[in-house]
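Taken in sequence, the protein lines are chains A and B.
Residues in the first sequence are numbered consecutively from 8, following the working numbering.
Residues in the second sequence are numbered consecutively from 500, following the working numbering.
Hints were generated in silico from the structure; no laboratory data involved.
Incorrect hints may appear among the rest.
In silico BS3-like cross-links for lysine-lysine, where the CA-CA straight-line distance does not exceed 25 Å [what the hints assert, rightly or not]:
hint, chain 1, residue 1, chain 2, residue 2
1, A, Lys197, A, Lys355
2, B, Lys698, B, Lys655
3, B, Lys818, B, Lys698
4, A, Lys355, B, Lys502
5, B, Lys681, B, Lys698
6, A, Lys291, B, Lys502
7, B, Lys655, B, Lys665
8, B, Lys818, B, Lys655
9, A, Lys355, B, Lys665
So, partial list: chain A residues that the calculated Cβ filter (under 7 Å) puts toward chain B [as the list claims (entries may be wrong)]:
hint, residue
10, Leu91
11, Gly278
12, Asp282
13, Leu353
For each label pair, taking beta carbons as the anchor points, the in silico distance ranges come out as [stated by the list, open to error]:
hint, chain 1, residue 1, chain 2, residue 2, range
14, B, Ala697, A, Gly292, 34 to 42 Å
15, B, Tyr561, A, Ser78, 26 to 34 Å
16, B, Asp858, A, Gly331, 50 to 58 Å
Predicted, not measured: the structure shown is a model, and the values here were computed from it.
Beta carbons: idealized from backbone N, C-alpha and C, even for Gly.
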Amino acid sequence: MLPMMIDVYGNASSIHHFGQTARQKLDASRKQVAGLLGAEPQEIVFTSGGTEADNLAIFGVATGGHVITTSFEHPAVLAAAAQLDHTLVPVDGSGMIDPDAIRGALRSDTKVISVMHANNEVGTIQPIAEIARIAAEAGIPLHSDGVQAVGKIPVSMADLGVSMYSISGHKIGAPKGVGALYVRKGTSLKPMMYGGRHERERRAGTENVAGAVALGRAAEWIAEHGEAENRRQAALRDRLEQSILDRIPDTRVNGAGTPRVPNTTNIRFDGIDSDALLIALDLKGFAVSSGAACSSGAPEPSHVLLAMGLSRLEARSSIRFSLGRSNTIEQVDALVEALVESVTHLRKLAPSYA
Amino acid sequence: MPKNPLAVAMSGGVDSSVVAGMLQARGENVIGLTMQLWNQRRLPEIQSDKATGRCCSLDDVYDARAVAQHLGIPYYVVNFERDFEDQVVKPFVDEYLAGRTPIPCTLCNNFIKFDRFLEMAEGVGADRIATGHYAQIRWNPDNGRWEMLRSMDRAKDQTYFLFGLKQEQLARSMFPLGAMEKSAVRELARELGIPTAAKPDSQEICFVPNGDYAAFIDAYFREQGIAPQEVAGELVTADGHVVGEHAGVHHFTVGQRRGLRVAAGEPLYVIATDPASRRVTVGRDRELLSDRAYAGDVNWISIAAPAEPVRAEVKIRNKHAAAPATILPTSDPDRVEIRFDEPQRAVTPGQGAVFYSGDLVLGGGWIE
């Protein structure tokens, strides 16, 4: 990425040779990203990240019409849909969307359906292909927020049958500030930003070449190493989950028993306040979260867990653990020890936990 | 082995920033925590750019974080908005509607700072907390009690707001500024290189912009979707003559002179408010005098609950010069009678009565 910011400084839309070098890098990256998704390069629109990709998918096709989405989407989808006439399809207690509920929400003026591929907080994988068939029957484009799925499970646009699909750089090893929206050929999409004719007139603004190159490189890395790495992370995650369930009483996995991405687990520790546990763990060197980072500091517990039917208290006792490429088995074991200590301490102080 | 962590309640202001800095310089293992208590974007109609002395704005969190980064200490924001609304804001509104004049800062100290916050600190492994309050705590081995004393800087003393603290809360709390002059605190802030060293002191009630509590209560009701209840009523004299009208008892506090809009030969003051009849009684200055008061929910700090009458200087509002009085126990152990040596002006229900013996805070209760 660094050479892109120093040596290949040209504007990819310029005619001169500096620009042409940048253009070549951009095109190569587009091809790499398309390759990861099983898409054509011209179907990839680079964006500033997952939020912009989600917003573009919704406002680009649904303005003036009706949107169907789900109650446990990322705020980038929920808050965008909230600007339009929309229906929220509920999620069940295990963190799954029922495709028939999507069918039931269809209206004559529905312009887009948006269902996330994998949930960011509990990791459950949604039946996107099945929902895509319902969408196709109704002739309505299906968007899927794939930010948490790409790189963690195999993703193929052809198999999923979606019209649009969002990805984010910093969830797959590229920097923050870059992402992409897959837009299937033939999908009519209006831009959100107006300006130059970049990205086939779907996203105005000088291309972030360095970011796109990093996204392309990350996509290439996943194509080569993703499967093995995900197997490794799944084993670590399972070890973490099992050790917690074995060693700490009154714990349960939110979204257990459903297909989940390999790096995430969301665990409820009865009787503890997740904010206190989060700080205690951070002071011991373990960075975990109590929901989405985007909503930390808010007084409300996770909307995802509430949507899955957890009580406020149960949602407030839940912690989300996400593993990454740098995590080791030793770290997982040390985390379990820290958890045993902190949860025991917090429960001793909790009046509600007898 | 590092020392047990110590949690500092950081508001983003100079005082709590200096506390964090001086404890760190003393070799303590300091953790900075900011309590998010109120969302300043609520009730937009009463907000103004000129509002002073507000807490919990994004700027304050930004300032506290900058101080923590400058000191290189771990820092977290903890959200107590829900507790604050339930334990402080709602009782504040209810008290005004019941014709009393509440002190939200005391409720916040009792139920948020020295309860929820203390609990959070202990949860994350900090067995003690420190705040920027101007007050002093010391252990008295003779009677086995934690005593509270007025701060060295008399002008900054905050013991009036701390009368509700129990022994177990005092045992785990530190007020490092209690023995310092404010000017020395500012100087230390500059020496420590604290980025907010020149920030003005906060004033008024933190969640009420510009001190206009009546506007806050009106706006809070609108936000809660509570129909603007019929709150208007009459201004009457002690002998029952109607002399004017008013827009709700929550606009008045005992001793208030401004805003009565009554023409009279001599200045008129609020003597009493009665929410049931929505009548506000007004009268002359001398009608405000009373020689006794009752206080409930009494908390004894530096001495155990006395069985016999005790002599004390009693403060009946923050700016009051403590007046000599005798405190008499009643049949209810939580309730006392206060007999002032000289009649006191505007003894106001809802305010605190805090008992001092010189600098020592004996205890205090809520004026009935």
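Just tell me: holds or violated, for the beta carbon distance of Tyr561/B and Ser78/A against 26 to 34 Å?
holds (33 Å)
Answer holds if the nearest beta-carbon of chain B is closer than 7 Å to that of Gly278/A; otherwise answer violated.
violated (11 Å)
With the threshold set at 25 Å, check whether the alpha-carbon distance from Lys818/B to Lys698/B stays at or below it.
holds (24 Å)
With a cut-off of 7 Å on the beta carbons, see whether Leu91/A makes it to chain B.
Violated - the Cβ of Leu91/A stays beyond 7 Å from chain B, reaching only about 23 Å at its closest.
Going straight from one Cα to the other, do Lys197/A and Lys355/A come out at no more than 25 Å?
violated (57 Å)
Pair hint Lys681/B and Lys698/B, alpha-carbon separation not exceeding 25 Å
holds (13 Å)
Does the beta carbon distance between Ala697/B and Gly292/A stay inside 34 to 42 Å, or does it fall outside?
At roughly 36 Å between Cβ atoms, Gly292/A and Ala697/B fall inside 34 to 42 Å, so the hint holds.
Restraint status (C-alpha distance of Lys698/B to Lys655/B at most 25 Å):
Distance ~16 Å between Lys698/B and Lys655/B Cα, so the pair holds.
Hint status (Cβ of Asp282/A to nearest Cβ of chain B, threshold 7 Å)
holds (6 Å)
Pairwise hint evaluation, Lys665/B against Lys355/A, where the allowed Cα distance is 25 Å at most:
Holds, at about 21 Å.
Quick one, are Lys655/B and Lys665/B close enough, alpha carbons at most 25 Å?
At roughly 22 Å apart (the allowed maximum being 25 Å), Lys665/B and Lys655/B satisfy the hint.
May I ask you to test the hint 50 to 58 Å on the CB atoms belonging to Asp858/B and Gly331/A?
holds (57 Å)
Checked against the numbered hints given earlier, this structure breaks hints 1, 10 and 11; the rest are met.
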